[in-house]
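K.L.:
Each chain is listed here by its residues.
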Amino acid sequence: MAKKVGVTINGKTVKVPEGTNLIDAASQAGVEIPNLCYIKGMRGIGACRLCLVEIEGGRGPVTACTTKVKDGMVVNTDTEQLREMRQFVIDLILSMHPLDCMTCTKAGVCTLQRYAYESEIKESSFSRKKFGYPPDESNPFIKRDPEYCILCARCVRVCKEQGTNVLDFMGRGVGAKVVTANDKPLHESGCTFCGSCIDACPVNAILEADRWRKGREWDYERTHSVCLLCGGACDTVISTKDNLIMKINAGGEDGSVQRYICAIGRFGYDAVASDKRVLSPLRRVNGELKETTWEEALQLLSERLTKGKASILLTGALMNEDISTLLKVAEDVIKTDRIATTVSLYADEESMKDSDTADIDSADLILLVGLNPSQWKRVHPSLDASIRRRLSRGARLVSISSEAVDIGEVADITLRGEEPGLIKQIAKSMISKGMKANKELSELTGDTDTTEETERVADLIKEAERIVIFTSPALFRSVRNLSLIKKMDIIAVPNEANARGVVLSGIKPDGKLLKEMIEGSTEVLYVFGEPPVERRPDTGFLVVQSPYMSNLAREADLVLPSTTPYESSGSIVSFTGRVKRLSRALRPYGEAKQHREILASLAKVMGKVIKEGKTDIKKALKGRSKPSPSPFEKKEGLEIDEARFMEETNSCVINSSRLLWLREAEKAVGV
Amino acid sequence: MERVLLKNIENPNSAEIDEYLKAGGYRNVSKAFDMRPEDIIEEVKKSGLRGRGGAGFPTGMKWGFAIADPKFPKYLICNADEGEPGTFKDRPILERNPHLLIEGMIISAYALKAEYGYIYLRAEYPKAKEILDRAIRQAYERNYLGENILGRDVRFHLTVHQGAGAYICGEETALIDSLEGKRGQPRNKPPFPVNVGAWRMPTIVNNVETLANIPYIVEIGGEAYSKIGNPECPGPKLYCVSGHVNRPGVYELPMGTTLREIIYTHAGGIRNDKELKAVIPGGVSTPVLPASMIDCRMDFVSMPKAGSMLGSAAVIVMDETVCMVKVMHRIMKFFEHESCGKCTPCREGTGWLRRILESIEKGNGRPGDIELLRDISEDMMGKTFCPLGDGAAGALRGMLKHFEYEFEEHIAGRSRCKGG
Chain A
1 MAKKVGVTIN GKTVKVPEGT NLIDAASQAG VEIPNLCYIK GMRGIGACRL CLVEIEGGRG
61 PVTACTTKVK DGMVVNTDTE QLREMRQFVI DLILSMHPLD CMTCTKAGVC TLQRYAYESE
121 IKESSFSRKK FGYPPDESNP FIKRDPEYCI LCARCVRVCK EQGTNVLDFM GRGVGAKVVT
181 ANDKPLHESG CTFCGSCIDA CPVNAILEAD RWRKGREWDY ERTHSVCLLC GGACDTVIST
241 KDNLIMKINA GGEDGSVQRY ICAIGRFGYD AVASDKRVLS PLRRVNGELK ETTWEEALQL
301 LSERLTKGKA SILLTGALMN EDISTLLKVA EDVIKTDRIA TTVSLYADEE SMKDSDTADI
361 DSADLILLVG LNPSQWKRVH PSLDASIRRR LSRGARLVSI SSEAVDIGEV ADITLRGEEP
421 GLIKQIAKSM ISKGMKANKE LSELTGDTDT TEETERVADL IKEAERIVIF TSPALFRSVR
481 NLSLIKKMDI IAVPNEANAR GVVLSGIKPD GKLLKEMIEG STEVLYVFGE PPVERRPDTG
541 FLVVQSPYMS NLAREADLVL PSTTPYESSG SIVSFTGRVK RLSRALRPYG EAKQHREILA
601 SLAKVMGKVI KEGKTDIKKA LKGRSKPSPS PFEKKEGLEI DEARFMEETN SCVINSSRLL
661 WLREAEKAVG V
Chain B
1 MERVLLKNIE NPNSAEIDEY LKAGGYRNVS KAFDMRPEDI IEEVKKSGLR GRGGAGFPTG
61 MKWGFAIADP KFPKYLICNA DEGEPGTFKD RPILERNPHL LIEGMIISAY ALKAEYGYIY
121 LRAEYPKAKE ILDRAIRQAY ERNYLGENIL GRDVRFHLTV HQGAGAYICG EETALIDSLE
181 GKRGQPRNKP PFPVNVGAWR MPTIVNNVET LANIPYIVEI GGEAYSKIGN PECPGPKLYC
241 VSGHVNRPGV YELPMGTTLR EIIYTHAGGI RNDKELKAVI PGGVSTPVLP ASMIDCRMDF
301 VSMPKAGSML GSAAVIVMDE TVCMVKVMHR IMKFFEHESC GKCTPCREGT GWLRRILESI
361 EKGNGRPGDI ELLRDISEDM MGKTFCPLGD GAAGALRGML KHFEYEFEEH IAGRSRCKGG
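Chains as they are written, first to last, in the working numbering: chain A, 1 to 671; chain B, 1 to 420.
It should be emphasised that the hints constitute simulated quantities derived from the structure, not laboratory data.
Since the model is a prediction, treat every value here as computed from it, not as a measurement.
It is possible that some hints are incorrect.
Unchecked claim - Short, incomplete list of chain B residues facing chain A, as computed with Cβ under 10 Å:
(1) 8
(2) 168
(3) 184
(4) 188
(5) 338
(6) 383
Cβ atoms here follow ideal geometry from the backbone N, Cα and C, with glycine treated the same way.
Whole structure, please, built from the sequences with the hints as guidance.
P.N.:
Shown next as structure tokens:
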């Protein structure tokens with residue numbers, strides 16, 4: 001940990017870690033230093049000149065974003081001269097900015113508007129100038145309007161830092177403009193429509209394309225939630241009005257490299273109010289699905305479950321509270337132990353149970369084993385973005401994979417080859433560099449040679465203080481050997497948001513059982529969520545409990561409408577081992593209910609009272625078993641096409657939202 | 001004074017390596033290689049040489065910082081982005097005496113333990129590009145550049161990199177960004193390029209004229225060099241004189257020559273027997289001086305005392321027919337055009353100043369405009385990201401200090417200015 005130093009800001013003394021800049025230090029003292037170009041977590045660039053402060057004994061005002069604290073520093077942020085200076089800067093910016101706050105979509109959350117108001121400016125003292133650059137409205141996601149741009153460079157820097165790198169400036173001086181390469185429309189520029197630029201823009205220059213006239217910011221209710229559409233489980237903030245989602249923004253902590261969501265997480269919410277939703281229970285009558293009541297539906301289900309042996313299939317996107325209710329109902333009411341999960345398609349029990357908790361933000365060395373995250377292919381997109389951001393903040397990356405890895409372009413070392421062998425060589429290199437291993441592990445690595453490259457990796461490991469390894473679950477056991485030599489956090493990365501929660505709740509990912517349910521025959525098959533199963537398996541009675549009319553639901557005998565995550569509350573365990581909570585942002589649409597409510601009602605119909613929603617997940621998370629030396633092998637049967645899996649498990653969301661446009665556009669430019 | 005920097009340039013083939021060798025060129029390379037690198041730096045420190053790009057930072061000190069940084073590789077960059085309006089002092093070196101620059105760079109690189117060098121050349125000097133490329137090729141052929149230079153364990157590779165027309169790329173950190181292939185914008189300092197420069201490695205950026213002085217310092221020693229011109233900032237200096245003089249051109253004179261001597265003795269006095277009105281002494285970012293002040297010495301120490309700066313020693317001479325409002329408007333137009341756009345006060349401030357000046361110039365000035373000009377330049381001064389904004393504000397403040405009455409007359413509409 002960095003040494004703490006004392007700094008006095010506007011008379012208040014605070015202790016902050018050495019190296020902290022004055023904006024962050026002031027915020028710890030409860031003082032906000034106005035700024036338009038500073039991005040927390042990134043190096044200050046001193047461009048907007050709003051954050052000028054005075055340091056006692058200093059020569060003149062300095063920019064707080066680029067000045068680091070020194071012990072005993074005395075800083076003033078609110079002197080007469082500084083106020084005048086800030087007013088001057090705001091005044092100048094206003095001279096290039098429309099003054100249509102009355103009708104501007106950004107009103108209420110516009111940083112410039114707030115500063116102009118605070119600095120007592122009514123309108124610019126200078127004459128207005130206009131460039132007449134046309135807005136880019138060529139896509140349904142992001143609208144860019146250069147007329148509002150104040151050239152703060154936040155969008156450009158965010159886009160570059162996360163490695164998407166499609167925005168930059170063209171021209172210079174007052175005529176500068178944020179553009180893509182050759183000023184092409186976004187969808188021809190390699191843009192992934194993650195919308196990080198939207199979150200970064202302090203004014204109305206970059207905004208959701210459909211945002212205009214969807215209500216004022218102050219009319220919105222904001223709910224912190226988590227996106228459950230892939231293994232990333234990114235934090236989100238959902239803005240709602242009149243029980244409709246108006247927009248979703250990234251919700252990660254300010255300054256964290258994990259403050260990112262992809263296009264699916266940001267724009268996929270269209271599906272909630274689409275005609276793909278199942279809004280009431282449906283039962284098959286004469287070959288057709290017909291609306292029915294909850295009472296009838298549960299009665300029917302209860303009869304079927306009493307008559308035949310039930311098999312239960314759930315996805316890894318279910319919340320912990322739903323899972324615990326499901327387990328209880330399965331044991332006490334339905335009386336079945338045949339519970340399979342889609343988690344078994346890509347992970348085993350051990351990798352999900354024994355993965356560590358890790359903090360990417362503090363990692364100084366990241367190893368990526370057998371993973372190929374990509375924002376563009378939407379495979380672990382947030383992991384790709386977070387790692388790239390972490391690298392631009394000084395961490396190092398080693399990529400180890402048998403296939404070519406996109407993020408390898410920014411890695412310090414890329415090792416290409418069979419992963420278990422390479423891990424073994426790294427282990428041996430670590431031992432040969434004097435890092436201690438027990439006898440058993442030393443013996444396990446005894447028969448291998450090291451290479452110059454694995455020696456270099458071992459050097460990096462030796463130097464590093466906070467090591468995080470992200471591995472594919474199939475390689476978890478092999479990789480875990482390394483943590484017997486040096487302390488490091490090892491995370492097996494799953495493909496669904498709550499895969500770790502599913503396993504920690506006590507469901508064993510049993511691939512054989514899952515295969516039996518999908519390919520073999522069952523008496524009653526009760527499916528939760530949208531597993532990537534396209535055709536009806538051979539079963540006597542198929543129940544699908546899902547928010548959407550998936551292909552599988554279309555072939556069911558009974559469809560029970562569950563809520564989307566936006567209409568649900570509960571918790572999940574993210575891939576980094578954090579318990580994340582979702583709050584309900586919308587009242588359920590139609591007659592949809594949360595899984596656990598449906599299960600409790602079912603139990604009641606079947607004559608049992610079940611208390612819903614209790615979970616011991618936190619305790620389970622602590623019960624990781626200690627690593628022990630294991631052979632360097634790759635676990636078989638856990639290979640999936642990750643991009644396809646993502647697409648299939650989210651097909652309802654993608655097909656009934658504007659993401660469909662994106663898929664077509666990407667096809668057209670050949671992504 | 002014996003000419004050092006412009007030696008031999010009357011020779012029509014002065015850019016050819018054989019001619020350069022005939023005149024004694026490149027012999028200081030072997031002399032330098034017989035010295036230890038730290039001794040060369042010591043000589044440069046002793047010489048008192050100060051950077052000729054405009055800021056006048058002591059060269060030996062800059063080198064000392066770079067050599068103290070343990071990181072390698074180190075890069076040596078020659079700043080040949082001569083973009084300050086009125087400045088053309090480096091051009092005769094680049095076009096007529098390129099081997100002197102190359103020789104200076106080889107010695108400097110040896111002293112600084114840099115193995116790669118770049119000449120960042122402004123795009124508007126296409127002829128210099130050709131000449132430098134040819135000269136570098138010749139130097140490679142004769143083994144003054146490349147591996148094992150002159151059979152010694154020294155290597156130095158040199159490349160010319162052309163800019164793309166931005167004035168700001170003459171600022172050393174913006175120059176480095178541009179060299180790296182980025183959009184040229186100044187970087188935050190510290191860290192300074194001597195520690196974190198090109199590709200994040202220690203980088204020494206020196207002006208053409210600075211580097212061209214190095215062979216001579218090696219030749220005569222720092223001590224002897226320090227006795228040329230003003231002892232506080234010694235050495236030969238190139239003054240480039242333009243405007244209403246009889247003989248505009250580049251003059252090599254001892255540092256500290258007075259403006260009067262430069263204008264009247266060397267540049268042949270004012271054209272057409274007109275009266276001298278004002279001089280911009282060091283390029284348009286230096287404050288103007290009225291005719292009454294031309295007895296000041298043109299060096300880094302004396303000029304600030306006179307309220308201006310030596311800058312690039314681009315002496316722009318204006319006679320009595322010149323309208324100072326028009327001049328100021330033109331200068332501000334330049335700064336507005338060249339502001340990179342990174343920081344607000346410079347980007348918006350220069351634009352706003354230009355518009356006020358334009359309206360005064362067109363006869364639409366309003367009472368209070370002068371005060372507004374003062375306020376804005378005051379607000380810009382010292383608060384912009386890099387010195388470009390300071391230069392713009394400083395030039396205007398200098399103009400108002402000495403010629404406010406002309407602005408007043410314009411606004412009052414009492415008289416059209418004499419310049420018409």
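K.L.:
Does each hint hold? Answer for all of them.
P.N.:
Against the structure, the hints come out as follows:
Hint status for residue 8/B relative to chain A: violated, with the closest Cβ pair at about 40 Å, above 10 Å. With a least beta-carbon distance of about 8 Å to chain A, the hint placing residue 168/B at the interface is held under the 10 Å criterion. The beta carbon of residue 184/B is positioned within 10 Å of a beta carbon in chain A (closest approach about 9 Å), and the interface hint is therefore held. The beta carbon of residue 188/B is positioned within 10 Å of a beta carbon in chain A (closest approach about 5 Å), and the interface hint is therefore held.
Satisfaction of the interface hint for residue 338/B is found here, the shortest Cβ-Cβ separation to chain A being roughly 7 Å, below the 10 Å cut-off. Look at residue 383/B: its Cβ gets to within about 6 Å of chain A, closer than 10 Å, so that hint holds up.
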